[in-house]
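Asks: Sequence:
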Amino acid sequence: MRKFLLTFLFLILFCGCLNNTKIADDKPNINNKLNINNFWVYYGSDNIEKLSKYDLVIIEPYNYKKEDIQKLKLLNPNIKVIAYLSIGEVSKDRPYFKECQKIIIGKNQNWNSYYINISSPIWQKIILNEVKKFKNMGFDGVFLDTVDSAIYTNQKNEVIELIKKIREENPDIIIIQNRGFEIIEKTAPYIDGVLFEDFTTHYDFKNKKAYYWKVVI
Numbered sequence: 001m002r003k004f005l006l007t008f009l010f011l012i013l014f015c016g017c018l019n020n021t022k023i024a025d026d027k028p029n030i031n032n033k034l035n036i037n038n039f040w041v042y043y044g045s046d047n048i049e050k051l052s053k054y055d056l057v058i059i060e061p062y063n064y065k066k067e068d069i070q071k072l073k074l075l076n077p078n079i080k081v082i083a084y085l086s087i088g089e090v091s092k093d094r095p096y097f098k099e100c101q102k103i104i105i106g107k108n109q110n111w112n113s114y115y116i117n118i119s120s121p122i123w124q125k126i127i128l129n130e131v132k133k134f135k136n137m138g139f140d141g142v143f144l145d146t147v148d149s150a151i152y153t154n155q156k157n158e159v160i161e162l163i164k165k166i167r168e169e170n171p172d173i174i175i176i177q178n179r180g181f182e183i184i185e186k187t188a189p190y191i192d193g194v195l196f197e198d199f200t201t202h203y204d205f206k207n208k209k210a211y212y213w214k215v216v217i
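Numbering-wise (the working numbering), the sequence shown opens with residue 1 and increments by one.
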C-alpha cells in the first residue's frame, strides 16, 4: 500500500468469517484476533498520544523504537499495533535492499520500487526475520502490502506459500493482507483481516492526485 490516501482506506475484518471458512487438515485453524471499532493507518512518526486513541493502528516500524511501542501500549493497553511489511516489492529505503540485488525481477515505475522473486530463500529469510524483529519490538502483527504486485508478476502460489509460512512460524500474531483479492480464498486460513485500499478512489500518477471514482448508473 502506498503511503498516502489513508482516509480512503476500507478495512474488511473477517471476524467470524474466518472461523466459518472450511480449512483442510494441514492448515492451521486460526481464531480471529480482531475485535475493533476503529483503526488508523499512519506512516509518519511520533503522534503516540493520537495513535493511542484507536483500537488498531498500522504504522511504519522503521519510524519507531521499541520504547515508543511500549509507551503506546501503556497509554492504551488494549491497542493492537501492526507493522507495515511489503512482501511483493522492495524499496531503496529498506536496510536490506542491498541483499536483494540478485533477486530483483523488475521495477515498478510508478513507485520507484522493485518487484522481487518471492520464492527466493534470500527474500523469505528477510521477511521472516522482519516479522521476528517486529514481534520483539512489541508489535502485535504485520500488515502485508504489495500482495497485488506478486499477483501481477505471476507469483500467486509463491506469495500464498510465503503468507502461509509467516503464519506457521507465528501462530500468535495478527496478519492483515492488503488487497490481493484473487488469492483471498487461499490465504483466508492464514490471515485475520483484509484491507481494501482505494475503495472509493483512484490515483492519477501523471498528475499525482487522488480522485473519487465516478458513480455510473
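Incorrect hints may appear among the rest.
Only pairs whose alpha carbons sit at most 27 Å apart, straight line, appear in this in silico DSS-like list of lysine-lysine [what the hints assert, rightly or not]:
id, residue 1, residue 2
1, K66, K135
2, K156, K65
3, K98, K186
4, K125, K50
5, K165, K66
Calculated directly from the structure, the hints in this document are not laboratory data.
Asks: Now tell me, hint by hint, if it's right for this structure.
Replies: Do the hints match the structure? See the list:
no. : hint       : result
1   : K66 - K135 : holds (10 Å)
2   : K156 - K65 : violated (33 Å)
3   : K98 - K186 : violated (32 Å)
4   : K125 - K50 : violated (34 Å)
5   : K165 - K66 : holds (25 Å)
Hints 2, 3, 4 from the list above are not met by this structure, while the remaining hints are.
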